[in-house]
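Enquirer: Taking UniProt numbering, the leading residue of the sequence shown gets 1, the next gets one more, and so forth.
Keep in mind that the hints were calculated from the coordinates and are not lab data. As the structure is a prediction and not an experimental result, all values here were calculated from the model. Please note: incorrect hints may appear among the correct ones.
[As the list claims (entries may be wrong)] Here are the computed lysine-lysine pairs in the BS3-like style, where the Cα-Cα straight-line distance is at most 25 Å:
1) K74 to K4
2) K9 to K71
3) K74 to K89
4) K9 to K74
5) K244 to K259
6) K77 to K9
7) K71 to K4
8) K89 to K4
9) K259 to K249
10) K259 to K241
11) K4 to K77
12) K223 to K244
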Amino acid sequence: MFIKRIKVKRILSRSGIGGCRYALNPYLGCSNGCYYCYAPHILRSLNFNREWGSFVYPKENGPLLLRKELKRLKRGKICIGTVCDPYLKWEEDFHITRNCLEELRFVRNPLSLQTKNGLILRDIDLLIQLNAQILITITTTDDRLREIFEPGASPVGERMRTIRELRGAGLSVTVFAGPLLPGLSDQYSALTELVAMVQESGAERIIFDLLNPYPVVRRRMGKLYRRYFPDLGSELDLAIKNRKGYRRKVKDRIEKVKKDLIIETIF
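With the hints as constraints, model all of the structure from the sequences given.
Expert: Shown next as structure tokens:
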């Protein structure tokens with residue numbers, strides 16, 4: 001893993017994600033190493049010479065910049081972790097995410113934060129003060145699949161325990177089940193297990209999402225499927241080339257799964 005501290009010109013940017021006006025990413029790059037991640041496409045103009053997942057650049061001046069930028073900030077939700085995970089293991093040393101949260105105490109903008117990692121519990125005191133909305137990403141309940149598709153992220157069991165602790169502290173927690181893995185976590189049995197597990201964890205809702213068909217995602221996912229799941233290549237092709245048809249199939253499965261469950265599901 002290549003780690004290098006950098007200084008940036010700004011820490012907040014306008015976000016194109018629905019419901020988010022501003023994006024805040026304390027790190028450039030991400031050690032979760034998720035093969036389905038769309039961030040390499042979004043950040044392609046930066047011309048990284050390293051494979052996504054093999055480098056992390058901590059934005060060491062991020063908290064100081066945030067203090068300045070907040071003085072002229074307009075209303076709107078701030079979303080932390082749109083193209084990086086704010087709680088990579090390196091955050092334990094650099095504290096950039098925590099220091100940004102400290103600065104955010106002085107504004108009233110709504111705040112959401114998305115992560116796959118249990119280190120978020122370290123900052124539960126600040127998250128309570130900020131009344132933050134938390135999204136925990138879980139793409140599969142199978143840790144064998146997790147090790148293949150997101151090798152640097154926390155195990156599934158740790159994420160479930162994290163949800164329970166966050167909910168026990170009174171925080172709002174949504175599970176982001178995305179992207180569903182074609183032919184794997186998008187199947188009826190896998191969806192049933194995932195939704196039941198999320199409901200048991202105490203999360204308030206679960207949001208499902210599909211694979212983004214960007215060229216870099218297709219290349220990286222295709223490589224994994226050819227290596228580990230050669231018989232499921234047609235499932236991956238369907239998800240990428242026939243998105244409307246694939247979406248209908250997945251939606252029908254989700255509708256069947258949620259009939260007997262209480263938890264709110266969004267797709």
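Enquirer: Against this structure, judge whether each hint is valid.
Expert: Results of checking the hints against the structure:
1. Restraint check for K74 and K4: the C-alpha separation of about 32 Å exceeds 25 Å, so the hint is violated.
2. A distance of roughly 16 Å separates the Cα atoms of K9 and K71; the hinted pair therefore holds under the 25 Å criterion.
3. With a C-alpha separation of about 32 Å, the suggested pair K74 and K89 falls outside the 25 Å cut-off, and the hint is violated.
4. A C-alpha spacing of about 19 Å is found between K9 and K74, which places the hinted pair at or below 25 Å, so the restraint holds.
5. The suggested pairing of K244 with K259 holds, with an alpha-carbon distance near 23 Å, which does not exceed 25 Å.
6. Pair hint K77 plus K9 holds up; C-alpha atoms about 21 Å apart against a cutoff of 25 Å.
7. For the proposed pair K71 and K4, the alpha carbon gap of about 29 Å is over 25 Å, so the pair is violated.
8. Taken as a hint, the K89 and K4 pair is honoured in the structure, with Cα atoms around 14 Å apart against an allowance of 25 Å.
9. Restraint check for K259 and K249: satisfied, since their Cα atoms lie roughly 16 Å apart, inside the 25 Å limit.
10. Taking the CA atoms of K259 and K241, the gap is near 29 Å; set against the 25 Å cutoff, the hint is violated.
11. Between K4 and K77, the direct Cα distance comes to roughly 29 Å. Violation of the 25 Å bound is thereby established for this hinted pair.
12. At roughly 24 Å between alpha-carbon atoms, K223 and K244 fall within 25 Å of each other, so this suggested pair holds.
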